[in-house]
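Starting from the known structure of chain A, arrange chains B, C and D on it as the hints suggest.
Read off the chains here:
Protein chains: 4
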Amino acid sequence: MQALVYNGPGQKNVEDRPKPMIQMPTDAVVRITRTTICGTDLHILKGDLATCQPGTVLGHEGVGIIDAVGAGVVSFKPGDRVLISCITACGRCNACRKGMYSHCATGGWILGHRIDGTQAEFVRIPYADTSLYPIPDGADEEALVMLSDILPTGFECGVLNGKVQPGSSVAIVGSGPIGLAALLTAQFYSPAEIIMIDLDDNRLAVGKHFGATSTVNSADGDAAQQVMKLTGGRGVDTAIEAVGIPATFTLCENIVAPGGTIANVGVHGIKVDLHLERLWSHNVTITTRLVDTVSIPMLLKTVQSKRIDAKQLITHRFKFDQILLAYDTFGKAADTKALKVIIEA
Amino acid sequence: MQALVYNGPGQKNVEDRPKPMIQMPTDAVVRITRTTICGTDLHILKGDLATCQPGTVLGHEGVGIIDAVGAGVVSFKPGDRVLISCITACGRCNACRKGMYSHCATGGWILGHRIDGTQAEFVRIPYADTSLYPIPDGADEEALVMLSDILPTGFECGVLNGKVQPGSSVAIVGSGPIGLAALLTAQFYSPAEIIMIDLDDNRLAVGKHFGATSTVNSADGDAAQQVMKLTGGRGVDTAIEAVGIPATFTLCENIVAPGGTIANVGVHGIKVDLHLERLWSHNVTITTRLVDTVSIPMLLKTVQSKRIDAKQLITHRFKFDQILLAYDTFGKAADTKALKVIIEA
Amino acid sequence: MQALVYNGPGQKNVEDRPKPMIQMPTDAVVRITRTTICGTDLHILKGDLATCQPGTVLGHEGVGIIDAVGAGVVSFKPGDRVLISCITACGRCNACRKGMYSHCATGGWILGHRIDGTQAEFVRIPYADTSLYPIPDGADEEALVMLSDILPTGFECGVLNGKVQPGSSVAIVGSGPIGLAALLTAQFYSPAEIIMIDLDDNRLAVGKHFGATSTVNSADGDAAQQVMKLTGGRGVDTAIEAVGIPATFTLCENIVAPGGTIANVGVHGIKVDLHLERLWSHNVTITTRLVDTVSIPMLLKTVQSKRIDAKQLITHRFKFDQILLAYDTFGKAADTKALKVIIEA
Amino acid sequence: MQALVYNGPGQKNVEDRPKPMIQMPTDAVVRITRTTICGTDLHILKGDLATCQPGTVLGHEGVGIIDAVGAGVVSFKPGDRVLISCITACGRCNACRKGMYSHCATGGWILGHRIDGTQAEFVRIPYADTSLYPIPDGADEEALVMLSDILPTGFECGVLNGKVQPGSSVAIVGSGPIGLAALLTAQFYSPAEIIMIDLDDNRLAVGKHFGATSTVNSADGDAAQQVMKLTGGRGVDTAIEAVGIPATFTLCENIVAPGGTIANVGVHGIKVDLHLERLWSHNVTITTRLVDTVSIPMLLKTVQSKRIDAKQLITHRFKFDQILLAYDTFGKAADTKALKVIIEA
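Residue numbers (this note's numbering), protein chains in the order written: chain A, 36 to 380; chain B, 36 to 380; chain C, 36 to 380; chain D, 36 to 380.
Since the hints were derived computationally from the structure, they do not count as laboratory data.
Fair warning: this is a prediction, and the values are worked out from it, not measured in the lab.
Glycine included, each C-beta is placed from N, C-alpha and C at the ideal position.
Be careful, since some hints might not be right.
A few chain D residues facing chain C, derived, Cβ under 7 Å [claimed, not checked]:
| hint | residue |
| --- | --- |
| 1 | M135 |
| 2 | H138 |
| 3 | A140 |
| 4 | T322 |
| 5 | L325 |
Okay, chain A solo, but in the shape it has when bound (with noise of 0.2 Å):
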């Protein structure tokens, strides 16, 4: 089958690999129709994750049918169609007894990264039962592709982490693709202010246009007292870090009010300064979290009721054999304009 492979930093191609096979009771092959890229393959692409081995096929997003199954998986039989959670969760350990199946003992993020991956005609999903998800009759399955990652990253990481509540003030930091599925899950809650902060005045009107009440543009460097002034002098309930720097974490730090919630979603490379000198006495929540994507049953639900309209991130699609493509398009973000671009078998 074809796949695309990371061979090493800066090495990517599309190759010609073995079908995957059961190798455990508990797996299944799927068939993948339609997959995407994510920030964290370009991630992998830099060199960023040692714990990627060069020859891994990269992707942790999608759907598809299901192909074969073993011995041990009762959910499933071939032709079913399924969404892929990227995080594999055994279900039985300890982590995933608690709901944290992102520290699954034996599985977590292990798809594109530890074990091949869903950008390739074929996956094997280790512990299918409850690692895949049955998509509903008459779902489309394009906006589904958003439930893989994404919209249960903005959601849990960001969201629910970050407490947000009806009538409560929330501040994005990043208006990517990751800050905008917060900023659309955000709403589930119906605060009365959603600011979207981002150096980029495109993605800005994006966020906008997505159902941020304000914008700010953070070039200038007074990002922080604008949002002070939108707030009246007292700061956001809830400030979500969406781009893994320090400087965007500093900036929540400085936004959120007393009592308030930073809910950390960005991947950081390096360590940021916490303020404890200032913040010991604001009574002030920070959470860091991987997604366990727990809440893809209810995501579906939003979606299948239209509370939620996911197709909104999507704004390329390319075949298979333009996935070179695809990469290049997505990766030019600024250029192309692209939030999420999707892989169509």
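Quick look at chains B, C and D alone, frame taken from chain A:
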């Protein structure tokens, strides 16, 4: 009346001061029967708190008897015995309505800080209805002095914020009065393990006596490894920071398990490093809090029902005319083994 | 001043009464600019509430302008525009400190019940600091009358107690003003399904217009079957009882899914059957609540940010000298299609 | 193998039955080393549960050693010592993902009810990975038999649902094994008062010994008045119903304080009266629950760390060939003072 007055960095005196009077209809004047000294008083004396003006009577803890009340006070009358909260709460502002008394718009921690405090014969208490608590008949008033600040602080900032649960594992970094207050109140929730960490073997022995399941002397620099060993490599569900310096906060970062919580109690003078390059994916929560003292009514019930022995924290007793000696004893805790000292009228 | 007085079962009159005066230092006197009529006022007039003495001025909702304040009132001064909570809260007692204002030791629902109410030119409000709310500049005061009672009741007793969540399923039994208030505020949480149930097709049509995803006319006696069919046999996560009779409570018992919640809002005159022989193993929660109005500040924000259109509930408007006509219109709601009527000074 | 078989109302026999075999890849077969008898087994024998067919091996509690596992079992292998949950959980369905194992789509309470149970030499356990728990080295296996059902039931249905808190007041109606299990586990949360209510003075004495702060014999018919007196007229924050008849549920309604919770644990055969004409405004919560056993891992930690002495519940011990005598002893608890009886292989 006699009062202990802060006269600038390094200077304190017992002075004769006019008895405070009702200034607002919501005020009460309380005759102090017992007060104590807090680590924060020592900070003020070192000159660490610019917000405390020379000339201020120190002290924010104590019990006493109502001497006078303003026209707007409905819950108390002269002669009533009362417990004084270290936090003054108007009960009306947005922060107070949310139970975040520490951020009361016109109150918060003002006693012995921005207005004259309790280390005197009399003290004026603003918003008396919501800043004083009636003392039940037959209560041990000495024990109740521990409810003005130290026990609510250990409980609210450490135990509640730290989400201590039955069967969970807890590490408390710092076995001074505040760490021991966290230790005593953590046991309300029956954690399986409570590991006490300090540099001082005497304080660790006290921790063991107060209910710690194990102790770690951090002088050797391998405290994190020892905690990981004690927890089978998992780390702790709750790490309570009860010191207030970068090294102890970093220790907490190194021992908190995925899904766990770092509850900061310590008063920090400088920033700390937050290792998001590692923790971003660990599903951890970090909390800060200035005590709100909302737990005083609950703590009163636990003291009255003997679920907790608050007096264990009291090591020394003085008369008010010995208050300079009391400061000396409390200030040299490493030698005197003082935890909390009682100063009686 | 003119006031609408309850003079015993079936008897109400507009009478001339002395203007109320400050009695306690915590009182305010408010000049009413707008008030409304509640279903509970009709109950009093029927003689259902023995706790309401003949001679009482009715009404517990409204907005107005501060006319006078007692010495102990610190948050308001004459001329301030205020929203009146239907619940009087001392802010000091154990119940108030827990946010359960409805059970305030010396307050609770007393306005227009145990003391004179708001259907008059002036009203005395005890504990003004904690029972009144400032009206923001530029707010639509008519809309805010809905925040005195009906919206907090639908929200707190129905939606919050019912734990409505994104993607969840909700049934509201009773599409009168209170059921519709629950319907409007349930949408703060983006449930996937909201099924409105009533006997009156007009009210169901209003429900549909206000956001219900489906409606069931319960006249045929098969409402439970219809709800089970709409939910694929699962039943609803939240059943909100907004009528107050045994039949509607039983309907809730028949449609709540395992793990779900029945949130009672209705005022019941007689006991109901609780089918524990079936429900003991269904992991259900049943809640009751007299509104606490703790959500007024939050609701104010959602009204100000246009997350909710509170004025949708207002169907008729009268001047105070037409108040008897207003009662007539509200009392014959099946004919007049009245929901909430506004009475303007 | 030998097994205790239900042969229709009033009839039980020790019979020779074929050893169970693996039927599904997710099954395990366990050799029972210790089991016990539950009050529910007596209900089945009375013919109260039509869902239990004659011919069924009884028993849903126990510990044992893995004898065989299906191809899909990944957590256990022959020879492993395991604790059997009374609830079978697939770990995959919607209910299981929410932690509501009791309503597992294909599991739930099936052992010794819909399929053969644990009162035998061997038992087949479906979904072994998520229905069995590893026994830590050195654990007291007899104590762990209390974790199959009785302690999780008292804890989850009574204590957790009842929201027992430090300093709160609790009444437990029924001082039999299940009420005593609630009593033992309520103490995890350090309530100020635990009032035990029963008709049997011996069981009340046991309650006192197990930690109740007071006891009330309800034979005189004034139990409600006694509880109100003990609580200063306030009633209790938590009333745990551990009997299952209308009179005891009504007692809970009469003693629950405003804002409090009635946590039903009892198995009811007929409906009860819910006095909403009084309770509609009392802000109470009523919960029901079939145990989910999600608390087993936590309870294991509390047993291992000696926070609870689970063995206190064991009054009698028998060998398997004495199982009919064990039933006799357990069935005549009023005379034999039996709480839980252990049946050893």
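Out of the numbered hints, which ones does the structure contradict?
3
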